[in-house]
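Protein chains: 2
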Amino acid sequence: MYSFSFQNPTRIEFGTDKEKNMGKYMQECEAKKALIIFGSDRIKESGLFDDVTTSLKEHGIEFIECGGIKSNPLLSKVREGVSIAKEFGADSVLSIGGGSCLDSAKAIAAGSLYEGDVWDFFTGKEVEQALPIFDVMTLAATGSEMNSGGVVTNEETKQKYPIRGFSLYPKVSVINPKLQATVSQDYLVYSAADIIAHSIEGYFTATVQPELINLQVEANIKTVIRTTEILLKNPADLDARGEFAWAATMALNGITLLGTAGASYPNHMIEHAMSAVCDVPHGAGLSVVMPAWMTWWKDRNPKQFQRFAKEIFGLTTAEECIQALTAWFDKIGTPTKLVQLHIDGHVLEEVIDNATQNAVDWKMSDLYDRKAITEIFNLAK
Amino acid sequence: MYSFSFQNPTRIEFGTDKEKNMGKYMQECEAKKALIIFGSDRIKESGLFDDVTTSLKEHGIEFIECGGIKSNPLLSKVREGVSIAKEFGADSVLSIGGGSCLDSAKAIAAGSLYEGDVWDFFTGKEVEQALPIFDVMTLAATGSEMNSGGVVTNEETKQKYPIRGFSLYPKVSVINPKLQATVSQDYLVYSAADIIAHSIEGYFTATVQPELINLQVEANIKTVIRTTEILLKNPADLDARGEFAWAATMALNGITLLGTAGASYPNHMIEHAMSAVCDVPHGAGLSVVMPAWMTWWKDRNPKQFQRFAKEIFGLTTAEECIQALTAWFDKIGTPTKLVQLHIDGHVLEEVIDNATQNAVDWKMSDLYDRKAITEIFNLAK
Numbered sequence: 001m002y003s004f005s006f007q008n009p010t011r012i013e014f015g016t017d018k019e020k021n022m023g024k025y026m027q028e029c030e031a032k033k034a035l036i037i038f039g040s041d042r043i044k045e046s047g048l049f050d051d052v053t054t055s056l057k058e059h060g061i062e063f064i065e066c067g068g069i070k071s072n073p074l075l076s077k078v079r080e081g082v083s084i085a086k087e088f089g090a091d092s093v094l095s096i097g098g099g100s101c102l103d104s105a106k107a108i109a110a111g112s113l114y115e116g117d118v119w120d121f122f123t124g125k126e127v128e129q130a131l132p133i134f135d136v137m138t139l140a141a142t143g144s145e146m147n148s149g150g151v152v153t154n155e156e157t158k159q160k161y162p163i164r165g166f167s168l169y170p171k172v173s174v175i176n177p178k179l180q181a182t183v184s185q186d187y188l189v190y191s192a193a194d195i196i197a198h199s200i201e202g203y204f205t206a207t208v209q210p211e212l213i214n215l216q217v218e219a220n221i222k223t224v225i226r227t228t229e230i231l232l233k234n235p236a237d238l239d240a241r242g243e244f245a246w247a248a249t250m251a252l253n254g255i256t257l258l259g260t261a262g263a264s265y266p267n268h269m270i271e272h273a274m275s276a277v278c279d280v281p282h283g284a285g286l287s288v289v290m291p292a293w294m295t296w297w298k299d300r301n302p303k304q305f306q307r308f309a310k311e312i313f314g315l316t317t318a319e320e321c322i323q324a325l326t327a328w329f330d331k332i333g334t335p336t337k338l339v340q341l342h343i344d345g346h347v348l349e350e351v352i353d354n355a356t357q358n359a360v361d362w363k364m365s366d367l368y369d370r371k372a373i374t375e376i377f378n379l380a381k
Numbered sequence: 001m002y003s004f005s006f007q008n009p010t011r012i013e014f015g016t017d018k019e020k021n022m023g024k025y026m027q028e029c030e031a032k033k034a035l036i037i038f039g040s041d042r043i044k045e046s047g048l049f050d051d052v053t054t055s056l057k058e059h060g061i062e063f064i065e066c067g068g069i070k071s072n073p074l075l076s077k078v079r080e081g082v083s084i085a086k087e088f089g090a091d092s093v094l095s096i097g098g099g100s101c102l103d104s105a106k107a108i109a110a111g112s113l114y115e116g117d118v119w120d121f122f123t124g125k126e127v128e129q130a131l132p133i134f135d136v137m138t139l140a141a142t143g144s145e146m147n148s149g150g151v152v153t154n155e156e157t158k159q160k161y162p163i164r165g166f167s168l169y170p171k172v173s174v175i176n177p178k179l180q181a182t183v184s185q186d187y188l189v190y191s192a193a194d195i196i197a198h199s200i201e202g203y204f205t206a207t208v209q210p211e212l213i214n215l216q217v218e219a220n221i222k223t224v225i226r227t228t229e230i231l232l233k234n235p236a237d238l239d240a241r242g243e244f245a246w247a248a249t250m251a252l253n254g255i256t257l258l259g260t261a262g263a264s265y266p267n268h269m270i271e272h273a274m275s276a277v278c279d280v281p282h283g284a285g286l287s288v289v290m291p292a293w294m295t296w297w298k299d300r301n302p303k304q305f306q307r308f309a310k311e312i313f314g315l316t317t318a319e320e321c322i323q324a325l326t327a328w329f330d331k332i333g334t335p336t337k338l339v340q341l342h343i344d345g346h347v348l349e350e351v352i353d354n355a356t357q358n359a360v361d362w363k364m365s366d367l368y369d370r371k372a373i374t375e376i377f378n379l380a381k
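Quick mapping for you: the protein sequence lines, in order, are chains A and B. Numbered by UniProt numbering, the letters in the first sequence go through residues 1 to 381 in order. Numbered by UniProt numbering, the letters in the second sequence go through residues 1 to 381 in order.
Hints were generated in silico from the structure; no laboratory data involved. Take these hints with a grain of salt, some might be off.
[Said to hold, decoys possible] Chain A regions said to be covered by chain B (calculated; three or more residues, Cβ under 8 Å):
1. 14–25
2. 68–76
3. 203–213
4. 246–256
For clarity, every value in this text was computed on a predicted model and none was experimentally measured. C-beta atoms are modelled at their ideal positions from N, C-alpha and C, and glycine is treated no differently.
Based on the provided sequences and hints, a complete structural model is requested.
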């Protein structure tokens with residue numbers, strides 16, 4: 001076990017109708033003026049927006065809206081949110097949506113208490129303070145509801161980069177499986193790929209990896225595989241929906257990295273380039289990158305691959321487990337080849353350039369130079 | 001998945017020498033006058049007390065001592081601690097020791113901000129506030145370092161009862177595996193039994209038990225069994241010591257109950273009577289109760305026992321897994337029969353009376369009347 005410091009202060013409110021208490025939760029944190037971040041108007045049509053804002057009104061919380069957040073959320077929209085929040089005098093930010101909304105909300109929460117440009121936080125400036133953040137999750141995958149990070153794309157520079165800081169832990173996150181039951185099949189399987197990616201990054205790259213952590217990571221992966229299959233047959237199964245959502249949270253709330261050392265996020269580093277350049281859905285990009293990266297990486301950590309093969313698929317070799325994971329992605333319908341995302345030719349070159357720059361900026365270029373990244377993408381063809 | 005609310009605000013500082021930063025951690029929480037709770041003078045002889053208090057002095061934190069906490073900590077000592085804290089004007093409580101010290105510290109922290117008798121909190125009064133709590137753990141088992149509960153024995157009434165409250169989450173807990181490497185073999189195996197007991201209570205009694213939670217509980221149990229065997233051979237193995245400690249924390253920090261419903265603590269309810277009447281070590285009492293209780297309970301949850309048999313021991317039936325667990329307790333040297341604890345005759349009758357009263361006070365008497373408790377103890381003969 002490696003030394004660690006750990007504190008995760010987020011309060012989780014999990015279960016049916018919890019979003020109808022959001023006003024109470026926010027009042028307990030002394031919020032009075034909220035900026036509400038959301039994506040499309042679907043949350044208005046479904047009644048969710050009304051349910052949440054009714055609760056806010058009942059607790060005397062004023063609010064202003066900032067809708068239109070898209071997948072792979074954009075810096076321009078974050079800047080717009082910061083302006084609205086400052087002008088309105090928001091003392092809190094409430095995201096109603098998936099990871100893109102919440103990640104945008106986190107950046108806006110930091111930017112609202114900062115005089116400079118919010119992008120500074122994505123390029124090295126420390127987040128010292130942020131408005132209190134609240135969220136109602138309509139999609140499970142990101143883990144953002146119980147961690148201190150977020151990812152936003154600067155569309156001018158085509159950089160999809162992370163922001164981090166203790167003050168970015170949400171104060172209260174609502175996870176109501178029922179609200180996630182209407183997610184499209186595409187986004188369900190992309191989410192499954194995203195959670196598995198969050199799980200395997202540390203699992204395969206850490207140089208110190210306690211057995212207890214292996215078991216915890218495998219618990220999350222097994223749960224995602226099992227519940228995805230249930231949900232593809234029966235999207236209304238709320239038990240499976242709940243376990244899927246909770247596995248997503250547990251996969252990236254910090255618990256499964258405790259006592260480890262040396263973990264890195266190469267699949268995310270590479271995928272961010274695909275999203276930044278081609279705007280592919282994050283999970284769809286990851287399911288293409290993972291089998292390729294695993295093939296490229298397997299000989300560096302052969303025992304862990306054999307373990308993964310046995311524990312997850314009841315198989316023996318690294319090759320077999322990569323094949324099995326690829327076959328499972330194919331089965332559930334998330335892409336596994338670049339061609340399925342229409343990434344080739346000069347676009348692929350641009351993606352490789354972008355990933356190579358990510359590797360430099362994320363201090364991973366010792367392992368991931370242009371040659372290595374090209375090799376990985378070649379394995380994804 | 002059942003609905004839940006979860007927030008665990010404790011900051012964990014895990015690793016070598018972390019106790020030497022305790023002054024810094026406490027200063028960050030604005031502590032200036034600490035009451036230090038500890039057991040025997042061993043922590044002075046080992047240098048640990050000096051290491052911690054040097055750090056306190058460097059950060060301008062005054063302190064006063066309250067030593068002499070014993071296993072199965074006593075209410076009289078807690079009352080003494082409350083008096084000292086009030087007279088000194090303590091603004092914080094620091095435990096250096098195992099679960100008994102920390103549980104006493106929690107009660108003292110609550111009692112110090114209360115005008116009535118601290119025992120009130122053990123008999124129904126809500127804990128509304130408490131002094132900030134800090135701890136350096138010298139023994140792993142209790143889980144108290146990352147939860148909001150504690151247990152103290154009222155020696156006049158022979159009640160070993162719990163105190164609970166959100167303000168009893170420690171602010172900062174230090175877990176340094178090296179400090180736990182000198183624990184006696186007896187207390188190592190009692191601790192193993194305690195962690196397994198924390199794990200199986202919910203696992204076997206919950207009426208709603210998500211698969212993900214099963215996997216997490218099994219991860220903790222597997223880790224305890226594996227690392228106990230390593231530590232019995234090599235007490236200085238700090239990796240095993242660290243995983244053992246972290247499994248102890250994870251087994252009772254609330255994570256493994258999320259989304260479950262109906263969990264209860266019958267083994268603890270029964271064992272507390274043994275500790276209260278006979279002052280047996282908590283873990284030693286639990287390793288006697290568990291096989292008996294499991295035999296008594298198994299037909300109420302046969303599938304879960306078959307699962308436990310397969311996942312933990314690679315076996316098939318409930319009977320086999322109870323035998324295997326008993327054999328493992330015997331092998332590591334923690335008792336499995338009442339006679340090993342010298343509990344029989346009129347003493348046993350008194351223990352049964354005491355447990356029967358616990359069941360009433362803990363609202364478990366619908367299942368655990370005197371007849372049931374007697375049956376369970378008969379299975380432990």
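Exercise for the section: Apply the coverage criterion to the segment 246–256 of chain A and chain B: a residue qualifies when its Cβ sits closer than 8 Å to a Cβ of the chain, and three qualifying residues are needed. Expected result: Contact hint for the segment 246–256 of chain A vs chain B: holds, 4 residues under 8 Å.
Handout entry: Claimed coverage, the segment 68–76 of chain A by chain B - three or more beta carbons nearer than 8 Å
Key = Our answer is that it is violated, as 0 residues pass the Cβ test (under 8 Å) against chain B, missing three.
Practice task
Tell me if chain B covers the segment 14–25 of chain A under the three-residue, 8 Å CB rule, please?
Solution key: holds (count 4)
Exercise for the section: Given that the segment 203–213 of chain A was listed as covered by chain B, double-check it with a C-beta distance under 8 Å for 3 or more residues. Expected result: Coverage by chain B holds here, the residue count being 3 at a Cβ distance below 8 Å.
Comparing the model with each numbered hint stated earlier shows that hint 2 is the single one that does not hold.
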